[in-house]
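There are 2 protein chains.
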Amino acid sequence: MDLLLELKEIHKKTPSKILLVVLDGVGGLPREPGGPTELAAAHTPNLDRLAAEANLGLFTPVAPGIAPGSGPGHLSIFGYDPFKYRVGRGVLSALGLGVPLGSDDVAVRGNFATLAPDGTVKDRRAGRPSTEENRRVLSKLRAAISAIEDVRIDLYTESEHRFALVLRGPGLGDRVTDTDPQTTGVPPREARAEDPADERSAKTARILNRFVELAREALKDEPVINGVLLRGASKKPAFPTLGEVAGLTPAAVASYPMYRGVAELVGMVPLPLSEGEEDPDRPRTKLEALKVHWSDYDFFYLHFKKTDSKGEDGDFEGKVARIELFDALLPELLALSPDVVLITGDHSTPAVFRAHSWHPVPVLLWGPYLRTDAARRFTEDEAVKGSLGHLVGPVLLPLMLAQAGKLQKYGA
Amino acid sequence: MDLLLELKEIHKKTPSKILLVVLDGVGGLPREPGGPTELAAAHTPNLDRLAAEANLGLFTPVAPGIAPGSGPGHLSIFGYDPFKYRVGRGVLSALGLGVPLGSDDVAVRGNFATLAPDGTVKDRRAGRPSTEENRRVLSKLRAAISAIEDVRIDLYTESEHRFALVLRGPGLGDRVTDTDPQTTGVPPREARAEDPADERSAKTARILNRFVELAREALKDEPVINGVLLRGASKKPAFPTLGEVAGLTPAAVASYPMYRGVAELVGMVPLPLSEGEEDPDRPRTKLEALKVHWSDYDFFYLHFKKTDSKGEDGDFEGKVARIELFDALLPELLALSPDVVLITGDHSTPAVFRAHSWHPVPVLLWGPYLRTDAARRFTEDEAVKGSLGHLVGPVLLPLMLAQAGKLQKYGA
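Quick note, the sequences are listed as chains F and A, same order. Counting from 23, one number per residue, gives the positions in the first sequence under the numbering used here. Counting from 23, one number per residue, gives the positions in the second sequence under the numbering used here.
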């Protein structure tokens with residue numbers, strides 16, 4: 023069952039506007055037993071006021087125990103079951119770098135590696151080089167390999183040992199196995215078409231194998247980075263858009279390429295953001311973009327990244343500060359008079375865990391048809407008392423649409 | 023979507039140890055409105071202390087309204103969707119009796135029945151004979167029928183009218199219809215291969231039909247038990263193991279054959295338990311086994327049966343006493359220093375209901391990455407306030423693995 027596709031039959035167009043705020047990785051953990059989480063420690067008078075009116079609950083984007091990456095976490099919020107709507111590793115890398123992908127391009131995730139003299143993998147990450155070192159070596163590769171057969175080879179530094187490789191040319195498939203053996207002490211694998219009869223994927227495999235060969239040749243005098251491992255060859259998936267399934271005209275207000283890219287996959291228009299604001303989350307710039315385009319769209323996805331970044335850094339106080347910064351912006355967002363507001367995270371990133379975690383995130387839903395519930399703040403503890411309960415999987419989209427009057431009843 | 027198989031991609035090996043305690047049928051009901059359940063009535067200072075630190079929730083192993091049998095309830099706890107990972111009735115009977123099954127053996131569930139002179143079924147349970155009577159009649163059958171064609175016939179008393187039949191021989195299939203018509207006043211059915219082209223199952227059907235015929239002949243002078251009804255012909259299913267899907271090295275500490283058998287189906291090693299302790303749950307013996315093997319495994323499933331048995335007996339006080347007995351053991355379990363502890367039941371068996379019920383059971387999860395929640399005891403009422411919410415289906419395994427640091431994030 024795919025709830026998203028069911029919406030096709032029951033959605034209706036209305037002028038009502040939905041504001042979806044994703045505070046990346048906002049869910050947290052206490053630093054000591056009984057202590058507050060980041061959300062509970064933050065001073066958030068505006069969020070508190072909204073929470074008192076709103077309905078709250080907990081949200082597990084993918085499944086209990088699963089710490090979602092940014093892709094699956096966001097797809098779930100947007101209404102797309104991440105187990106069904108899959109995005110390849112290569113495409114995610116390219117999206118994260120803001121690399122434009124045509125529908126026939128094949129994106130691949132690359133690792134710099136160290137190979138032993140016998141050709142086996144000694145270090146899958148080549149000692150985690152600096153990003154500058156990555157740039158230096160990638161320039162060398164770029165100079166040595168610009169095309170293979172009739173396919174252009176584009177290389178992009180990600181960070182440390184990670185890079186993205188994009189193949190641009192005719193007749194390429196993406197059902198191709200990885201060269202990365204995912205372990206050491208064995209040689210890299212040959213790329214192969216998953217189905218030997220699939221000539222397009224066989225072409226991609228042939229080009230990837232040739233790339234690996236040329237890269238070894240080009241790097242043969244490098245002391246550490248002397249090989250590459252490739253995985254996740256993939257094309258940009260063709261998902262049904264939010265326009266098609268829900269009749270929405272949606273816009274994305276995000277500054278980081280990954281989130282603009284995932285939003286585009288579901289048919290959102292990433293709004294242009296003016297340059298100049300120093301904060302990489304650009305809160306004032308995003309507010310301006312919302313104001314300018316408020317009448318042009320009926321669904322706005324507004325993303326803030328730094329709650330997650332501070333969590334990854336283990337910076338509890340920094341994460342608290344980013345939550346408070348959002349709280350200060352909230353009255354101006356509400357002044358736009360959205361009909362429905364949903365605030366949540368794509369996953370938890372507790373500062374004490376320093377990584378994406380599986381803990382559910384609070385979700386706040388505000389709109390015209392609310393129950394009263396006992397949750398008084400947008401915190402993990404209070405959300406437990408909320409009337410939304412514990413929501414699992416891609417169910418937030420229908421809840422937003424329903425509050426916005428954009429869904430008819432299902433069945434007669 | 024099968025969450026279990028997704029774990030293959032994201033699990034990682036760590037030395038951390040998980041202790042999973044299943045208190046069979048532990049969920050209960052109050053004896054009078056407003057009264058305590060068995061768990062609430064029990065004096066459990068050690069469980070209370072752990073609950074105050076832990077995260078709680080409610081758990082519905084299979085689906086709301088569904089009272090699980092031991093097989094589906096446990097499979098769900100172990101991470102296996104019981105709607106997908108099915109175990110045939112014959113195999114469950116054999117596992118419950120501790121009968122070793124080879125991968126080509128076919129196990130069948132048998133009923134002693136009373137047939138009318140015209141050959142129709144008069145009583146599907148032959149007046150529910152005593153188990154001793156069952157043994158007497160089964161000996162007679164065993165003497166009369168030891169093999170059919172090249173297939174050995176093994177017969178095992180279960181209880182009352184129930185027995186297990188195991189076919190051991192070459193070329194047997196298990197896609198075979200039942201001879202049990204599930205009603206009276208009609209003759210028993212012929213066993214048939216579900217697919218007429220399936221020669222292996224046709225052989226099994228032929229042997230079962232011949233067995234039924236020989237049994238009628240052997241029992242022709244019996245006044246009550248003069249026929250047999252067969253159903254659930256099945257082979258031991260080949261499930262992916264917890265080692266394959268989650269990288270675990272798991273052990274089972276259970277004294278009853280059914281639970282040792284189901285644990286083996288998912289790749290657990292049932293630990294040997296020394297004889298001598300009078301209590302059939304052998305709590306001290308199990309503790310000893312845990313201590314002896316603590317360094318050999320990273321996942322321990324510890325099962326206690328008698329909470330369920332007392333519930334089935336309608337013995338509220340007896341069930342309370344079994345809960346308190348577990349509570350007394352808990353400090354010694356925790357002294358082993360597991361990294362993650364999960365305590366739950368495979369279903370409820372309320373004493374007032376005297377049977378497995380569909381009511382959710384409390385679940386307690388303790389580990390290094392906990393939220394604080396309002397639940398203060400391991401009881402049904404308190405679990406409602408817990409931060410885990412209401413968990414449905416095979417989601418406990420990923421939650422345990424995540425707490426133990428054994429899962430990477432899903433997607434980039």
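Certain hints may be false.
When chains are identical, the list treats them as one kind, so a pair holds in a single copy or across two.
[To be verified] Restricting the straight-line Cα-Cα distance to at most 35 Å, the calculated cross-link-like pairs of lysine-lysine (DSBU-like) are: (1) Lys242 to Lys313; (2) Lys162 to Lys313; (3) Lys313 to Lys35; (4) Lys144 to Lys162; (5) Lys162 to Lys407; (6) Lys242 to Lys39; (7) Lys39 to Lys162; (8) Lys407 to Lys144; (9) Lys162 to Lys106; (10) Lys30 to Lys144; (11) Lys242 to Lys407; (12) Lys162 to Lys431; (13) Lys39 to Lys431; (14) Lys34 to Lys242; (15) Lys106 to Lys242; (16) Lys39 to Lys313; (17) Lys242 to Lys162; (18) Lys313 to Lys34; (19) Lys144 to Lys313.
The hints are simulated quantities; they were obtained by calculation from the structure and are not laboratory data.
Here's how the hints hold up against the structure:
1. Taking CA atoms no more than 35 Å apart as the test, Lys242 paired with Lys313 passes in neither setting, with 55 Å inside one copy and 54 Å between copies.
2. In this homomeric assembly, Lys162 and Lys313 never come within 35 Å of each other (Cα to Cα): the closest approach is 45 Å inside a single copy and 58 Å across copies.
3. In this homomeric assembly, Lys313 and Lys35 come within 35 Å of each other (Cα to Cα) only inside a single copy, at 22 Å, whereas the closest approach across copies is 50 Å.
4. In this assembly of identical chains, the alpha carbons of Lys144 and Lys162 lie at most 35 Å apart only when taken from the same copy (22 Å versus 68 Å across copies).
5. Proximity of Lys162 to Lys407 under the C-alpha cut-off of 35 Å is found in neither arrangement, the shortest distances being 58 Å within a copy and 59 Å between copies.
6. For the homomeric pair Lys242 and Lys39, neither the shortest alpha-carbon distance inside one copy (58 Å) nor that between copies (44 Å) is at most 35 Å.
7. For the identical chains of this complex, Lys39 and Lys162 are neighbours neither inside a copy (50 Å) nor across copies (46 Å), given an alpha-carbon limit of 35 Å.
8. For a Cα distance limit of 35 Å, the shortest separation of Lys407 from Lys144 qualifies neither inside one copy, at 52 Å, nor across copies, at 51 Å.
9. With identical chains, the CA atoms of Lys162 and Lys106 are never at most 35 Å apart, being 39 Å at best within one copy and 52 Å at best between copies.
10. Taking the closest pair of Cα atoms, Lys30 and Lys144 come within 35 Å of each other only across two copies (24 Å); inside a single copy the shortest separation is 51 Å, beyond that limit.
11. For a Cα distance limit of 35 Å, the shortest separation of Lys242 from Lys407 qualifies neither inside one copy, at 61 Å, nor across copies, at 62 Å.
12. Proximity of Lys162 and Lys431 under a CA criterion of 35 Å is satisfied inter-copy only: 33 Å between copies versus 60 Å inside one chain copy.
13. Proximity of Lys39 and Lys431 under a CA criterion of 35 Å is satisfied in both settings, with 20 Å inside one chain copy and 33 Å between copies.
14. Proximity of Lys34 to Lys242 under the C-alpha cut-off of 35 Å is restricted to the inter-copy arrangement: shortest distance 33 Å between copies versus 61 Å within a copy.
15. With identical chains, the CA atoms of Lys106 and Lys242 are never at most 35 Å apart, being 42 Å at best within one copy and 51 Å at best between copies.
16. Only within a single protomer do Lys39 and Lys313 lie at most 35 Å apart by alpha-carbon distance; the minimum there is 13 Å, versus 53 Å between protomers.
17. Proximity of Lys242 to Lys162 under the C-alpha cut-off of 35 Å is restricted to the intra-copy arrangement: shortest distance 11 Å within a copy versus 80 Å between copies.
18. Taking the shortest alpha-carbon separations for Lys313 and Lys34, only the intra-copy value of 25 Å comes in at or below 35 Å, while the best inter-copy value is 46 Å.
19. For the homomeric pair Lys144 and Lys313, neither the shortest alpha-carbon distance inside one copy (54 Å) nor that between copies (39 Å) is at most 35 Å.
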